[in-house]
Amino acid sequence: MAYSAAVSVIDWLLESDPAIRWQVLRDLTDASPEEVAAERARVEREGWGARLLALQGADGLWDGGACFPASYAGGEPGQPWTATMHTLQTLQIFGLDPASEAARRAIPLVAEHGRWEHDGQRYFDGEVEPCINGRTIETGAYFGVDVTSVVARVVGERLADGGWNCEAEYGSVRSSFHTTINVLDGLLAFERATGGSAAVGEARRGGEEYLLERGLFRRRSTGEVADAAYLDFAFPYYWHHDVLRALDYFRRSGAGRDPRMAEAVEIVRSKRQPDGRWLLDRVHPGRVHFAVEDGEGRPSRWNTLRALRVLDWWQG
Numbered sequence: 001m002a003y004s005a006a007v008s009v010i011d012w013l014l015e016s017d018p019a020i021r022w023q024v025l026r027d028l029t030d031a032s033p034e035e036v037a038a039e040r041a042r043v044e045r046e047g048w049g050a051r052l053l054a055l056q057g058a059d060g061l062w063d064g065g066a067c068f069p070a071s072y073a074g075g076e077p078g079q080p081w082t083a084t085m086h087t088l089q090t091l092q093i094f095g096l097d098p099a100s101e102a103a104r105r106a107i108p109l110v111a112e113h114g115r116w117e118h119d120g121q122r123y124f125d126g127e128v129e130p131c132i133n134g135r136t137i138e139t140g141a142y143f144g145v146d147v148t149s150v151v152a153r154v155v156g157e158r159l160a161d162g163g164w165n166c167e168a169e170y171g172s173v174r175s176s177f178h179t180t181i182n183v184l185d186g187l188l189a190f191e192r193a194t195g196g197s198a199a200v201g202e203a204r205r206g207g208e209e210y211l212l213e214r215g216l217f218r219r220r221s222t223g224e225v226a227d228a229a230y231l232d233f234a235f236p237y238y239w240h241h242d243v244l245r246a247l248d249y250f251r252r253s254g255a256g257r258d259p260r261m262a263e264a265v266e267i268v269r270s271k272r273q274p275d276g277r278w279l280l281d282r283v284h285p286g287r288v289h290f291a292v293e294d295g296e297g298r299p300s301r302w303n304t305l306r307a308l309r310v311l312d313w314w315q316g
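Numbering of the sequence shown is given in my numbering, commencing with residue 1 and proceeding in unit increments.
Hints are computed from structural coordinates only; laboratory data are not their basis.
Just to be clear, a hint being listed does not mean it is correct.
[Said to hold, decoys possible] 20 Å max Cα-Cα, derived EDC-like pairs, lysine to aspartate or glutamate: (1) Lys271 <-> Glu296; (2) Lys271 <-> Glu293; (3) Lys271 <-> Glu213; (4) Lys271 <-> Asp294; (5) Lys271 <-> Asp312; (6) Lys271 <-> Asp281; (7) Lys271 <-> Asp248; (8) Lys271 <-> Glu209.
Whole structure, please, built from the sequences with the hints as guidance.
Spelled out as structure tokens, the structure:
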């Protein structure tokens, strides 16, 4: 149905896929836990979640690869997003229940057959880049896989400024916003799943400080915006950092209202349209299984959902 001022933003969000609806019910309404669980269960059977699950190959992989499709030979616009790592991250964001039959069937196949392109490492053992390993930890922990060895690796790879950088193996001593948010998402998921440890908690707090000292988007040295793309809200975000993703991480972590986030929160608030919705600012280019938004510059249900719950959290 066409959106009009007579239809509330919540109603518009609820007109969408089960992957969005169950999170709207949980985070933005007073729906009962039973209603939320019933809607979440539909992710496995209907809509985007079911479509992604149906694309898993007989070998357990999506598009034949871990980070890149088996057919990838370079030369495409952007990075292809159809391989296993990006698909599992998307299923996790959709909220596929780890206890569902589909997840219990899909994850062991990935564990058995998945191998990283870097050097043939088993999928849930991770590889060498902390940006990849952070995402592996996040999906592994979410879906109930033991990723303790990968966690130990990234905890030991934290740089002196508090964060992480995939270029550290090539000599970089400065952390990256992108790599750090990926590792933080992973460590938070691991702590939620296992209780974590003192070392994991210390590492996560150090990574948070790296972002907070920079207001989530500025250079510490000059105060300038580190990258204008950090102010654009993309979905899916894959490995990319942006202000909305970072704030949603702090919301999920249960963080308090640190004043160093205030400017980032105001950026989120400023992007709210007169009709109460947020737009899709950016699409990270690359091959996809199918689109889950209507395109750049169009109203975005995912950005609207995430922005509303960030503002609710900030406002207490």
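Structure-based check of each hint:
Restraint check for Lys271 and Glu296: satisfied, since their Cα atoms lie roughly 14 Å apart, inside the 20 Å limit. This hinted pair checks out: Lys271 and Glu293 have alpha carbons roughly 17 Å apart, not beyond 20 Å. For the given pair, Lys271 sits about 23 Å from Glu213 by alpha-carbon distance, which is inconsistent with the 20 Å threshold. The straight-line distance between the Cα atoms of Lys271 and Asp294 is roughly 18 Å, inside the 20 Å bound, and the hint therefore holds.
For the suggested pair Lys271 and Asp312, the alpha carbons sit about 15 Å apart, so the restraint of at most 20 Å is met. Distance restraint check for Lys271 and Asp281: the Cα-Cα separation of roughly 10 Å lies within the 20 Å cut-off, and the hinted pair is therefore satisfied. Distance check on the hinted pair: Lys271 and Asp248 sit about 16 Å apart at the alpha-carbon level, within 20 Å; holds. For the suggested pair Lys271 and Glu209, the alpha carbons sit about 25 Å apart, so the restraint of at most 20 Å is broken.
Hints 3 and 8 from the list above are not met by this structure, while the remaining hints are.
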